Amino acid sequence: NAGVTQTPKFQVLKTGQSMTLQCAQDMNHNSMYWYRQDPGMGLRLIYYSASEGTTDKGEVPNGYNVSRLNKREFSLRLESAAPSQTSVYFCASSSLGDMAYEQYFGPGTRLTVT
Amino acid sequence: AQKITQTQPGMFVQEKEAVTLDCTYDTSDQSYGLFWYKQPSSGEMIFLIYQGSYDEQNATEGRYSLNFQKARKSANLVISASQLGDSAMYFCAMRGWNTGKLIFGQGTTLQVKP
Chain W
426 NAGVTQTPKF QVLKTGQSMT LQCAQDMNHN SMYWYRQDPG MGLRLIYYSA
476 SEGTTDKGEV PNGYNVSRLN KREFSLRLES AAPSQTSVYF CASSSLGDMA
526 YEQYFGPGTR LTVT
Chain H
92 AQKITQTQPG MFVQEKEAVT LDCTYDTSDQ SYGLFWYKQP SSGEMIFLIY
142 QGSYDEQNAT EGRYSLNFQK ARKSANLVIS ASQLGDSAMY FCAMRGWNTG
192 KLIFGQGTTL QVKP
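Here the protein sequences come in this chain order: W and H.
The C-terminal residue of the first sequence carries number 539 in my numbering, and the numbering is unbroken.
The C-terminal residue of the second sequence carries number 205 in my numbering, and the numbering is unbroken.
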């Protein structure tokens with residue numbers, strides 16, 4: 426199993442450009458999440474999808490959109506990138522139904538907006 | 092609202108000694124889960140240990156144990172017999188009962204000295 430995969434690993438954008446971060450999991454998990462990690466800080470939830478067909482805002486959703494394409498894939502879109510969106514982006518997945526299920530994280534995408 | 096607080100930005104420990112990383116939390120949920128993750132310099136998020144709010148015993152996983160004091164709302168991570176490979180950032184996180192969302196603390200950087 427590959428677990429959680431993210432593409433791309435690195436990306437540099439100019440202010441105003443758009444891009445989509447891709448995430449896929451092969452663990453048959455119901456729930457998927459997008460986080461951002463700024464230097465010296467913990468992870469903050471951008472959006473999540475508790476199950477296929479549903480998406481909800483997290484702590485810092487402004488400037489982002491998401492699509493739960495199917496059970497495996499959850500994408501994050503930046504419509505008009507801003508320097509404040511320079512960060513490392515992590516996708517994660519988890520089962521629901523048992524509090525003990527941990528989230529499995531992808532390797533991250535390092536995004537720089539100039 | 093849920094909140095996780097890690098008050099130690101950085102810690103040093105001598106190799107082979109034990110170290111405690113502090114975590115306090117705030118929630119109005121009766122049922123919740125507490126997690127610790129390790130983030131080495133390579134950037135990936137590695138799950139270490141889980142404690143459920145109704146678990147009577149403190150969780151242990153190899154050299155990791157979680158000192159859970161529910162009345163004080165603390166969930167400290169204890170690493171015994173520290174190794175050089177333990178040098179990393181450590182995050183405490185909390186999960187509410189009805190969603191899979193994780194709320195993270197700001198992290199503690201641990202450096203193990205030879």
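Just so you know, these hints were derived from the structure itself, not from any lab.
Hints may be right or wrong, so weigh each one.
Claimed, not checked - Far from chain W by the CB rule (all over 12 Å, computed), these chain H residues:
{"no.": "1", "residue": "Q97"}
{"no.": "2", "residue": "E108"}
{"no.": "3", "residue": "D113"}
{"no.": "4", "residue": "Q130"}
{"no.": "5", "residue": "E135"}
{"no.": "6", "residue": "E147"}
{"no.": "7", "residue": "R154"}
{"no.": "8", "residue": "A162"}
{"no.": "9", "residue": "N167"}
{"no.": "10", "residue": "V169"}
{"no.": "11", "residue": "S173"}
{"no.": "12", "residue": "L193"}
{"no.": "13", "residue": "T200"}
{"no.": "14", "residue": "K204"}
Said to hold, decoys possible - Here are the computed lysine to aspartate or glutamate pairs in the DMTMM-like style, where the Cα-Cα straight-line distance is at most 20 Å:
{"no.": "15", "chain 1": "H", "residue 1": "K129", "chain 2": "H", "residue 2": "E147"}
{"no.": "16", "chain 1": "H", "residue 1": "K94", "chain 2": "W", "residue 2": "E498"}
{"no.": "17", "chain 1": "W", "residue 1": "K434", "chain 2": "H", "residue 2": "E135"}
{"no.": "18", "chain 1": "H", "residue 1": "K129", "chain 2": "W", "residue 2": "E504"}
In this text, all values refer to a predicted model and were calculated from it rather than measured experimentally.
Even for Gly, the Cβ is constructed at its ideal location relative to N, Cα and C.
Practice prompt. Check each numbered hint against the structure and report the violated ones by number, ascending.
Written response: Result: hints 1, 4, 5, 12, 13, 15, 16, 18 break, sorted rising.
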